[in-house]
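Asks: Okay, here's what each chain looks like letter by letter:
2 protein chains.
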Amino acid sequence: MRDKTFLMIPGPTPVPESVMLDIARHPIGHRSSEFSKILENVYANLKYVFRTKNDVFVYTSSGTGAMCAALENLINEGDSVLSLVLGNFGNRWAKIAASRGAVVEKIEVPTGEVIDPEVLRTRLAQDTEKKIKIVTLTHSETSTGAANDIKTLCSIIREHGALSVVDGVTSVCAMECNPDEWGIDVLVSGSQKGFMIPPGLAFLVASERAWKVYEECKHPSFYWDWAAYRKSVQANSTPFTPAVNLFVGLNTALEMIKKEGIENMNARHKRHSLALRNAIKAIGLELVVKDDKNASNSITSILPPDGITVPDIRKVIKEDFDIVVANGQNELKDKIFRMGTLGFVCDRDLISAVGALEATLYKLGYKFDLGKGVATVIKELANK
Amino acid sequence: MRDKTFLMIPGPTPVPESVMLDIARHPIGHRSSEFSKILENVYANLKYVFRTKNDVFVYTSSGTGAMCAALENLINEGDSVLSLVLGNFGNRWAKIAASRGAVVEKIEVPTGEVIDPEVLRTRLAQDTEKKIKIVTLTHSETSTGAANDIKTLCSIIREHGALSVVDGVTSVCAMECNPDEWGIDVLVSGSQKGFMIPPGLAFLVASERAWKVYEECKHPSFYWDWAAYRKSVQANSTPFTPAVNLFVGLNTALEMIKKEGIENMNARHKRHSLALRNAIKAIGLELVVKDDKNASNSITSILPPDGITVPDIRKVIKEDFDIVVANGQNELKDKIFRMGTLGFVCDRDLISAVGALEATLYKLGYKFDLGKGVATVIKELANK
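Protein sequence lines correspond, in order, to chains A and B. So for the first sequence, the working numbering puts the first residue at 5; every next one is plus one. So for the second sequence, the working numbering puts the first residue at 5; every next one is plus one.
Same shape as in the complex, but just chain A (with noise of 0.2 Å):
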C-alpha cells in the first residue's frame, strides 16, 4: 500500500500532514510581503531551534550544500584542515575541503566508533605553530549512527584555536546541541531531518570567530557567500529566489517544533533510540554502537542476524510492512542495515516498527523469542 509507506530511513523522514498541506499551497512571490513576514518567523524560530543568538542562514539546496557553504567561505588554498571522520559524512568534510586546495588530514575511527578527545587533545597539541586552521567534525555519524561528544571535541578545539566546523545534518533537533554555549564556530543542518519538511533547504550557523575567518577568505563562494545570507536575514529576505513552499511548510514544522519545545523534542529522540537499542538486544541482534553513550539519538545501525541477509530484511519490512529502512553505505552496503527515529516520530510508531521488524525476521527464519522486542519498547516507553 504505497501510502502506508513510513520512512524511517535517516532522511527524508515522515512529514506531518499540515505541513505536507502547507507545501501544496501556490506559490507565493518571494518579494511579497506575505513572504517576509514568514521569513521573519522562520528566522525568529530558527535562532531558538539552533540556541544560538546568531543569524542562520536558509540554503535552498541539500545539506551537503550547507557543509560547502560552511567551508567554502573559510578555506583559502594550501589552509590545514583536521577532519576526524567517523564514516561516510565525517569523510565529506574532508573531501570538500580537498576540493577547495587545503591540506587535509584525517583522523579515523572504526566504523561504530568515536573520536576519543585525548587523541584529539594530542594531535593539537602537537601543532606548537597553530597550522590547523580548522576542525571538521560531526556530531551524529548518519552512516553509523555514532555521536561524537561535541561539547567536550569542541572546547578542545577552541583551546588550542582553530575553528570548529560541525555537521550537524542529523543532530539538530534530536540532539542536545549548544553552538553558543559550547564554542561551535560553525553548525550546519538540513531539513528533512529533524525538522519534518522534504528535503530542499540547509541551514547554517556561525560564530564570531568563524565570521573573523571568512573575512580573510580570498574567494567566498558566490551561492553560499554568508555576507550576502547575513544581509538578507537581517531584511527578513533571501538573496536568491529560494524554494517558496517548502520555506512555508519550514514555517508551519518551526512552530510545531516550538509547540512540542526544543528540550522536550532532545529528549523524545533520545528516549525513542535507546528504546529501539534495547528492543534490538532483546531480540539478539547485534548493535553497531555498542555503548549508549556513543549512540546517534537519530539512526541506528544494526547487525543481520548469521543467515539472513540485509536486503532480504529490507524487502520484506517494505513489502509486508511498508516501513523503508536504510542500507548501510559504500563498504557497509549488505552488511548493515540502518533505521532512523528522525522527525515525526511517535511512540507508536516505535511499537510498530519493532514488531514489523521481529515480524520480519520471523517470516526470514531467524529463531528468537518472538515479541521480546516490543515487550521492549513497551516497557522502555513507558519510562517518561
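If you are wondering where the hints come from, they were derived from the structure by calculation, not from laboratory data. Mixed in with the good hints there might be a few duds.
Claimed, not checked - Derived lysine to aspartate or glutamate pairs resembling EDC-like cross-links, with alpha carbons at most 16 Å apart:
no.	chain 1	residue 1	chain 2	residue 2
1	A	K339	A	D310
2	A	K155	A	E180
3	A	K319	B	E38
4	B	K222	A	E81
5	B	K367	B	D316
6	A	K322	B	E38
7	B	K99	A	D229
8	B	K216	B	D229
9	A	K8	A	E219
10	B	K235	B	E44
11	B	K8	B	E21
12	A	K8	B	E38
13	A	K222	B	D324
14	A	K99	B	D229
15	B	K367	B	D324
16	A	K235	A	E219
17	A	K367	A	D316
18	B	K322	A	E38
19	A	K367	A	D324
20	B	K297	B	E185
21	B	K8	A	E38
22	B	K319	A	E38
Based on these hints, arrange chain B on the given structure of chain A.
Replies: Chain B in isolation, oriented as in the chain A frame:
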C-alpha cells in the same frame, strides 16, 4: 481573495493543480527504485525540452545556483571572461566570474537594448591572442524583458574559440533555444519559470567543448561538480539528497510540456508576449524594449503613464484584481513594472490580465480609450 492570487511576475510562475498535488505527496526515499524510475523519465524529458543529446543536470538550488555551477566548474584564477550585460542578470554572471578570481570585462547596453552582434565580433577580433576564455550572456534578461539573438552571438563566440555560457533562466520553454545546433557551450535554467513548478530546482547542460575546459578546472566546486552529476544522471540517481517533492512535480510538468510540444509551447509564449506588447501600445503606455524582435517571450517591461506611479499600479492590480506584477530591480525600481507571461499561462489569462491592467489605470485616473487593450489582445489571440 488570497487563493485567487495570480502571479504575473517572472518567477515564481503559476503552477498547475496536478503538479501541486504531486508535490503534496509524502516524500519518498531518494535511493528507492520508485524514485529512480521518476529520475529516468525526468532526465529523458529534459533532453527533449533542452533539445540536446547531452545530459541535463538538475541541481537542488535557485537558478543562481546553476549559474555558479556553470562558472565554478570552468574558471581558474586569472582567467579572462567577457560578460555581455543587458541588465541585472547579465551582471550576475560578471559577479560570479569575479568571485572566482577571473579578470572580467563587460560590454553593457542601455536598458531595453540588446547586444549588437557586430560589436561582439569586433571585440573578439581584437583578441588575437585568444585570451578570452569564456563569454557569458543572457538569452532573456529578466530585469528588462530584452532578449538577445543568442544563435548569432554564440556562432560568433564559437568562431573565436571561447566558450559561450548562456543564462536561459526565463527563455528555456518560452523561446526557441537550441544549444546543440547553435553551439551554446553551457546553458542554465530554473524550475520556477517555464517549467511550471515552484522554485528549488535548476538545470544545466554542457557541450563536449565545455567538458574539455572543465577538465582543466583546478578546483571545481564540490556541490556543483559536473562529473558527479554526469555519473548520477547515467545511473538515474543524484549525487546528494535531492528535493524529492519538486522532482515528482517536475516529472508531471515535463509530461505536460511534452504533450503540448516544445515548439508549440515556444509559439504560445511568443503569441502571448506579442499580444501583451500590442495591447500596451494600444492603451498608450510605453514599452521598455522598443523593437518586437528584441523582446523576450516571457517578460514585458512597461513604463507607467505620466502622473501614475509604479507602486500605485502594483497595489491596485493586486488588491482589486489579485494579480501580482513585478517592480523594476535596482535602479529601475519604481521606474518600470514587469508582467510575466511565463509557463502555465492560457489565452484567457492574457485577456483577464490586460483587462485588469486597464481597470487599474482607469481607477488611477489615466485617460485612455477604455477597452482598447482587451480588444487588441482578443484580435491578436485570434491569429492562431
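Asks: Of all the hints given earlier, name the ones this structure violates by number, lowest first.
Replies: Failing hints, ascending: 9, 13 and 20.
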